[in-house]
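Asker: Here is how the chains run, residue by residue.
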Amino acid sequence: MRWRVLLFAGLRDAAGAAELEVEVRHAGACVADLRAAAEVLCPALARHTYRVAIEARYAGDAEALPAAAEIAFLPPVSGG
Amino acid sequence: MRWRVLLFAGLRDAAGAAELEVEVRHAGACVADLRAAAEVLCPALARHTYRVAIEARYAGDAEALPAAAEIAFLPPVSGG
Amino acid sequence: MTEAAAFACRVGAGPVDGEWARAGAAGPDAGCVVLFLGTVRARSRGKQVVRLEYQAYPRMVEAELARIAAELHSRHELARIRVEHAVGPVEVGEASVAVAVSAPHRAAAFAAAGELMDELKVRVPIWKHELYPDGSTWIGLGS
Amino acid sequence: MTEAAAFACRVGAGPVDGEWARAGAAGPDAGCVVLFLGTVRARSRGKQVVRLEYQAYPRMVEAELARIAAELHSRHELARIRVEHAVGPVEVGEASVAVAVSAPHRAAAFAAAGELMDELKVRVPIWKHELYPDGSTWIGLGS
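Protein chains in written order, with our numbering: chain A, 1 to 80; chain B, 1001 to 1080; chain C, 2001 to 2143; chain D, 3001 to 3143.
Hints in this document: simulated from the structure, not taken from any laboratory.
Beta carbons are placed, not taken as given, at the ideal position from N, Cα and C, and that holds for glycine.
Treat the hints with care, since some could be wrong.
[To be verified] With the Cβ distance kept under 10 Å, some of the chain C side facing chain D (calculated, not the full set):
no. : residue
1   : V2033
2   : F2036
3   : L2037
4   : G2038
5   : T2039
6   : A2042
7   : G2093
8   : A2095
9   : A2100
10  : S2102
11  : A2107
12  : A2109
13  : A2113
14  : V2122
Start from the sequences and build out the full structure, keeping to the hints where you can.
Answerer: So, in structure tokens, the structure goes:
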């Protein structure tokens, strides 16, 4: 299955793109699987710390990825 | 010696005046002496709680009264 | 021009809108401004309030606020403090007091603005006269 | 008209001036409004700042702020919460964020406004790009 992954801030600069299409081939993919697949596709991501959001909510690494969900990789925030 | 005493809020209403002229006859008068003299002059004051300020600063009952100082009797405040 | 004063206050006919206080406290040296606005509530102590009327001892309001501001500047790292308080009538929904504190960091600004209001309520010679449909009362300790 | 919403936010081109947040939080049921304005400082981490540029994930900014607001409403007795955050460029001295909290009593409004800023800084997906005379950097944990 494929997911659209939004990238922000330093992560976006590192990838040279505001979003990626990431595929995870095995069934029942979780957040950790998506991280791993994204870092194979774009090795620069692996040098960054980031959290993952599913449908605009923070998700843990063990959470399952719903089909067609909007995923985002979020470096440490600095609003305010 | 005589002092001008400013009254505020419920104290002003009780006295029916915004200020009083209060005399203390003995030398070396302190705040407590002025309270006592004022309450003789205007007995309604005795039914109220109030603090005393000398030259716009809170003063204790034992403080001496400088000649010609501006005195104020201040009921519990309620600004804000 | 020297730097804007560390403290300033205004005591006059209300209502206040907070803009004088906010603008006076703001500045490029301050990472934040905390503005407190106290507004007149429609009900107080279970009674319907028509409006308030504030009385003040203006000379001492300014002196006492200046002392409070000096204490706050000594306890916290602050840029500027501004206080405005209405005297005379203030209607329901209008603001009677505005406090603005600017600081390099927000924790100090929040703490100082809260402490200023705490001190103002117990030390600054201003009195609130609440007017109801059927009477009025001076508010104070125990009333 | 129903009562004004317990929470609302705006995320858009800056700077913010605080008036939208303050006006939206105010109301005759609230005894006070606390407004926090975060402004861009001329220096950051020892460097001269030319300006900031904020990037945001707007859909999640709104969702996360709504969750924070719900938490605050459950912890404190509050009337209304309003948050505005700039995206894009913000110059030195301008405000990037405004938070307004109204409540019947000031202790709750001060506490909630401070907690909202604490949570915003660690949870809300907004990123600050600091521009210096000789370069720029994304600010984040450890930077």
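Asker: Hint by hint, work out which the structure violates, then give me just those numbers in ascending order.
Answerer: Of the numbered hints given earlier, the structure breaks just one, which is hint 14.
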